[in-house]
Amino acid sequence: MVPVLVVGVAWATPDAEVGALLAGLAGCASCHTAADGAPYAGGYAIETRFGTFYGSNLTPDPETGLGEWTEHDLLRALTRGRSPKHHPYWPAFPYTSFRRLTDEDVGHLWAYLRTLDPVVAEEREQEANAPGVGLWGWRRVAFHARDWKPLDDPELDRGAYLVEVVGHCGECHTPRNGIGQLKRKQALAGSDEPPHPAPDIRPETLKWTLGDWDTFLTMGMMPDGDFAGSGMRHVVRDGTAKLPEADRAAMIRWLMAPTE
Amino acid sequence: MRRLVAAGLLLAAPAALSAPPSPAQIVKYRHAVMNGLGAHMAGLSMIVKGETDRTGDAVMHATAVKELAHTIGALFPEGTGPGHEFETEAKAEIWSQHDKFVEAVKALETASDKLVDAAKTGDVAQIKTALGGVGGACGDCHDVYKVDDHH
Chain P
0 MVPVLVVGVA WATPDAEVGA LLAGLAGCAS CHTAADGAPY AGGYAIETRF GTFYGSNLTP
60 DPETGLGEWT EHDLLRALTR GRSPKHHPYW PAFPYTSFRR LTDEDVGHLW AYLRTLDPVV
120 AEEREQEANA PGVGLWGWRR VAFHARDWKP LDDPELDRGA YLVEVVGHCG ECHTPRNGIG
180 QLKRKQALAG SDEPPHPAPD IRPETLKWTL GDWDTFLTMG MMPDGDFAGS GMRHVVRDGT
240 AKLPEADRAA MIRWLMAPTE
Chain G
0 MRRLVAAGLL LAAPAALSAP PSPAQIVKYR HAVMNGLGAH MAGLSMIVKG ETDRTGDAVM
60 HATAVKELAH TIGALFPEGT GPGHEFETEA KAEIWSQHDK FVEAVKALET ASDKLVDAAK
120 TGDVAQIKTA LGGVGGACGD CHDVYKVDDH H
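These protein sequence lines are chains P and G, in that order.
Position one of the first sequence corresponds to residue 0 (numbering that gives the first Met the number 0), numbered consecutively onward.
Position one of the second sequence corresponds to residue 0 (numbering that gives the first Met the number 0), numbered consecutively onward.
Hints were generated in silico from the structure; no laboratory data involved.
Treat the hints with care, since some could be wrong.
[As the list claims (entries may be wrong)] Every beta carbon over 10 angstroms from chain G, so not counted as near; a handful from chain P, in silico:
no., residue
1, G36
2, R48
3, D146
[Unchecked claim] List time: in silico BS3-like cross-link candidates among lysine-lysine, alpha-carbon distance up to 30 angstroms:
no., chain 1, residue 1, chain 2, residue 2
4, P, K241, G, K90
5, G, K127, P, K206
6, G, K48, P, K241
7, G, K113, P, K241
Heads up, the beta-carbon is just placed ideally off N, CA and C, and yes, glycines get one too.
Pulled out of the complex, with its shape left as it was, chain P reads as follows (with noise of 0.2 angstroms):
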């Protein structure tokens, strides 16, 4: 058993720019950097109705940061939803999207991670106003692993893996219940959810053509000449807009295919 987990895990060569995209696109840096603080270190507020929750330093510092953690630990923290220690996170950290990241772009974000500077910054305590138990009873209701279960086109396949998993563009556009989770039979058709309320982006509410999805997803600007703000800006500036053309298409394609 853990020769073969070996062997999966050495199969694809990690490569740190690719992380460096994925990374991008997952927005990691939005939630994982304070205001004015070093890229990565942490410390960022995550205002929400559940508590406040603050970014952890993903910088490799061995004593606050990822330093002492292994390729292992990050794939367990993204696709578990739980720490080396096995404790759980809260799904402010939206491990409901990422369980479904395939272990080999958790080895190309691993290696993107090993080449930050390492920060000393603490992790500040998480200020949930439900008790411990409510995040294991949440748990239990409310997430469940999943592996990526590819689709039979290639190019719909990856538009729907970086829209769905990496991008976790549905953490704020799809609407949530009274537990907070996503109503996922209507994705994407727009929440109020603070801190980040996200609007309808369905096709057939948008209709947008391939023309206008290229052009937001490259510089911000929506057909009317007018430009996303609350947080929008810095996924296609960090994510989207630094995409290859051919996954910037595949999402595209995702995205204007009609909603079931």
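For this one, chain P is given, so just place chain G on it according to the hints.
For chain G alone, kept in the frame of chain P given last:
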């Protein structure tokens, strides 16, 4: 004719001499400017994407973008932020971190100057690059200082 003009001035005079605009009026005007800016940006975007053959309009759009961009700094006086009876998507940070906001507006002004220069060359590739610069400035500012109203 002269009498007609004089009569026109008399009619216009009460409006011109009345009290300064209310915050609500300032916000309404601000929206008009922003919408205008957006419309010209959308026009330029269609030109660089080849979705219109009106390439010759680029200088006109770019000039409008520049002129409008240079008015923005004056359109956010104190008292025109959130929490009043009028609707605005402007965030309180515009006034609480005003120096940074002024810097962001400056970045737009500089980018819009470059856009006019690029438009005058008539080279679509250069216009595209400069349009990206203006777009970046728009986006940077909205990201921090504007709430997205999606209803």
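Each hint, compared with the structure:
no. : hint                : result
1   : G36                 : holds, 15 angstroms
2   : R48                 : holds, 17 angstroms
3   : D146                : holds, 33 angstroms
4   : K241(P) <-> K90(G)  : holds, 28 angstroms
5   : K127(G) <-> K206(P) : holds, 24 angstroms
6   : K48(G) <-> K241(P)  : holds, 19 angstroms
7   : K113(G) <-> K241(P) : holds, 23 angstroms
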